[in-house]
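Peer 1: Protein chains in written order, with UniProt numbering: chain A, 1 to 383; chain B, 1 to 254; chain C, 1 to 308.
Calculated from the structure, these hints are not laboratory results. No experiment lies behind these values; they were computed from the predicted model shown. Glycine included, C-beta positions come from ideal geometry on N, C-alpha and C. Warning: the hint list may mix true and false statements.
Stated by the list, open to error - Listing some non-contacts, in silico: residues in chain B with all C-beta distances to chain A over 10 Å:
1. A123
2. L124
3. G185
4. L197
5. H212
Unchecked claim - Here are the simulated distance ranges between beta carbons:
6. A:D185 / C:F296: 40 to 46 Å
7. C:V200 / B:K28: 43 to 49 Å
8. A:F125 / C:M16: 46 to 52 Å
To be verified - A few chain A residues facing chain B, derived, Cβ under 8 Å:
9. K225
10. A232
11. G235
12. Q236
13. F242
14. Y245
15. D246
16. N249
17. P365
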Amino acid sequence: MSNFSLSNLMTRQDVLGFVVLALILLVVLPLSLDVMRLNQVGKYLSFAFVTVGLVLCWGYGGILSLGQGVFYGLGGYALAMFLKLEASSPENTSIQSTPGIPDFMDWNQITELPWLWEPFHSFGFSLLAILLVPTVLAYLIGFAMFKRRVSGVYFAIITQAISSILTILIIGQQGYTGGVNGITDLQTLMGWSIRTDYASYVFYFVGVALLFVCLFIAQFITKSKLGRILVAMRGQEDRVRFSGYDVANFKIFVFCVGAAFAAVGGAMFTLQEKFMSPSFVGIVPSIEMVIFCAVGGRLSILGAVYGALLVNVFRTVLGESFPELWLFAMGLLFVGVVLAFPDGLAGVYQKYAAPTVDRFLDKAPLFRRWPSSTSHSEPIKAS
Amino acid sequence: MSAATARATNTDFVLAVEGLTVSFEGFKAVDDLSFYVDEKEIRVIIGPNGAGKTTVLDLICGRTKATEGSVKFRNKELTTLNEHEIVRAGVGRKFQTPSIYEDLTVFENLELCYPRGRNVFGALFFKRDQKVINKVRETAEMVNLLDQIEDSADLLSHGKKQWLEIGMLLIQDPALLMLDEPVAGMSVTERQQTAELLRRITADRSVIVIEHDMQFVAEIADHVTVMHQGKILAEGTAEKVKQDPKVIEVYLGH
Amino acid sequence: MFSDYSATELGSIFAMQGFAGLILFAVFLLMALGLAIIFGQMGVINMAHGEFMILGAYITYLTSNVFADYFPALFGGYFFVAMVLAFLAAAALGALVEWTVIRRLYHRPLDTLLATWGLSLLMQQSYRSIFGAREVGVEVPDWMAGSFQVTDFVELPVNGLFVMCIAVAVTLAVYLLMFRSSWGSRVRAVVQNRPMAGAVGINTAKMDRMTFALGCGIAGIAGSAFTMIGSTGPSAGQDYIVDTFLVVVFGGAASILGTVASAFSISQAQSTMEFFLGGSMAKVLTLLTVVIILMFRPQGLFTLKVRK
Ligand SMILES: Nc1ncnc2c1ncn2[C@@H]1O[C@H](COP(=O)(O)OP(=O)(O)OP(=O)(O)O)[C@@H](O)[C@H]1O
Ligand SMILES: [Mg+2]
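Just need the whole structure built from these sequences, with the hints factored in.
Peer 2: In structure tokens, the structure reads:
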């Protein structure tokens, strides 16, 4: 009975879920949408990275972070800085008073590239920074807070303050960050234009592939003993200590994983939208990502993807026809999901559709023998 | 102090509590308490409500930090350690209200307490091998829960939740087991089964039990410590303590 | 950095700056008091607290218009009427919100946070639909528009002084109500031991609703007072929320004195730094300091140990 075999990692419903999601993202959408729309879906999926991380932190670990925008933003900015430097070669910027530095620096009378920007000439460094800067920050925040047993509401408020701090800092230091407009006019990646249709397709598929990597990691975590410790901790944190675990370390771990996922999402956003700005860092986007997650189902990693997709599609549709209704809809969504559907779409699926699907799977040749539950339980109740 | 330190370094005791004091905003819930528990001894702590019994266990297992005094477990100072370090040193604690993981199954509850893979990556790559499964089943059998091993723990009756919690401690194989009112709220038959269970599991370890039921106390105790207002009122065998006039006055009399 | 100024100039700069800090203190205090009751006493996270303030501000705006149109002779006193109306409107809405949403979520604090955030969006959009997206300002009565000339360099605006007086009055009222009245002791009884309070005959559901309404009502007064020093827009409430929560948490959630002290220290730190570093850096440093202190003292500056 090995822990690493697929049948232990996934129930047949999970397998079905992964296959269906893969079909939708890799076949149905690319075939049915034009490149512009597909690019939009890619952008929505970049939020799915955050929501999958939130399922781990919040759904499983009970840690509600209202600062995921910080990690998303840092990941996005790390890549944007690299791309911006590439776009600001001395030839491209020869009309500036100081050629070779990003345009917004020139506008702000900065005459030399700040030291913080120097290493972002290197692609390798930038890739590392995308992952490491947010993760290390998450580690520091998590260490400081969880070791001192700050959690729940206080953690939420402090993370919110942190996202507020970073936003003010980015907007205030426009000479170094591009200010409220963010970093714009990104053109090429290692000499290869990122603005062609072809590039859009490539980025879309790269994004989906990375999302599936994150989904598998998340699935592995939730099905491991660590996942069960998180569930246990959510209800009985004290008891977990008396089972011999250092609770803080587990919280730090999921918080870091959530931050790393969010950072990848942010970088994918930068690639697909060709800019990054503080409007994805602050408290509003951070809490919106929480509601994407809640809509999908805070305990379901696949649900989180649908949550991010559907809420954003809904926003686009509504925004195109009735922009003034959007805030009403979003407000109602928050209140309604919390009051009426705390387990989100995944909860609705579990309750109404899952039994029928299961009966169907009993007859399906491929799935008949696959266990309908892993030996590990999957919690479906919200706490 | 030096005499006390000399005693505390005595290796004969499993647990040596000395001068233990905790004050909450000036209120001393435990006041200069000292007692010693021998290897394989069953020690029962009794006393009126609010005497500080639970607080003593809280102090030993690190849930509450002592204001003063020392707790030595096999010559290891516990007052400076964290809860999980104390557990890993070999002290197990059952809470007054049953505290189990309601979202998990009985199997998973027990497995979670199995002493392996306790750090982050250990837990992430923890493998449920035959050894773990056997140990879990063996423990479940011991606490009469083998039939319900796949059930979600929140479906268990109150008494069975208490057993499950005892099982979760047993699988940690602690050298010192601390039980806070293990039979409170149980039916008569459950009570008997629990007494039976306790007798079996206490055979090869030291145990501290808090209990109000004097009949039950007399059945299991080697020594009884009577607490009152954070201090020790009397100590000795169950028989001796029962006849102590001070104890009768503050505790048994009514 | 001081060498450019003469001694008297420096003195008056500090005096003015200190006064600006005091106004900020009054603002923080007014923002935080209502929340200190709701979060500190009830443990409810009300993310729509800022929107309740804005409600008070719009009520004041409406009242001033009504007075200007129908009772121009009484215009000098409209503000006091507006303040009472703002309190009543915000409290009534608060009671309604408690009854429809909050009471279902008392055991799920993080979910209250999300639901009240949704509420704040609904309120924002309502303001936008009713009052338009632009900021509105109220006409300040003449007697409030002037300023006291203290020395040649130092002058203190009357409206600032007025806001301070309101802050002091509201703080005193809250203190007396929460800690010196039998109503306050019942509120605290409910907070400390709900079943027990219920058992001795306190209607806990009603207490919850009234406490929540009171907190919202105070937010309404705060919003009303703010119209005297600035204009109001539909989404202004969101700018307050982080500051407000930090003031309350920093002060130690359950103590009025803590809230006062924390509002004072945060406002002074911010206004002093603002002078040297500019607004955004001052804000960043203040928030950062508060966050770091909270990491070391998560229970806030002024709290007692309580049993978990
Ligand atoms: N963290 C704390 N803060 C304040 N007071 C506390 C704390 N912990 C315990 N106390 C107080 O210490 C006293 C002893 O409490 P404790 O729970 O240890 O009593 P007990 O002997 O276990 O009583 P029971 O038989 O009712 O379980 C009580 O008065 C209690 O209110
Ligand atoms: Mg007790």
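Peer 1: All hints, please: hold or fail.
Peer 2: Evaluation of the provided hints:
1. A123: Non-interface label on A123 (chain B) violated, nearest chain A Cβ at 4 Å vs cutoff 10 Å.
2. L124: At about 5 Å from chain A, L124 (chain B) fails to clear the 10 Å cut-off, so the statement is violated.
3. G185: Given a closest Cβ separation of 18 Å, the condition holds.
4. L197: At roughly 20 Å from the nearest Cβ of chain A, L197 (chain B) sits farther out than 10 Å, so the non-interface label holds.
5. H212: holds (23 Å)
6. A:D185 / C:F296: 40 to 46 Å: holds (43 Å)
7. C:V200 / B:K28: 43 to 49 Å: violated (28 Å)
8. A:F125 / C:M16: 46 to 52 Å: holds (48 Å)
9. K225: It holds, given that the least Cβ distance between K225 (chain A) and chain B is near 4 Å, below 8 Å.
10. A232: Holds, because the Cβ-Cβ distance from A232 (chain A) to chain B comes to roughly 4 Å (cut-off 8 Å).
11. G235: holds (6 Å)
12. Q236: holds (6 Å)
13. F242: Given a least distance of 5 Å, the restraint on F242 (chain A) holds.
14. Y245: holds (6 Å)
15. D246: holds (5 Å)
16. N249: Where the cut-off is 8 Å and the nearest Cβ of chain B is about 5 Å from N249 (chain A), the hint holds.
17. P365: This hint is violated: P365 (chain A) lies away from chain B, its Cβ roughly 28 Å from the closest one there, beyond 8 Å.
In this structure, the earlier hints numbered 1, 2, 7, 17 are contradicted, and the remaining ones agree with it.
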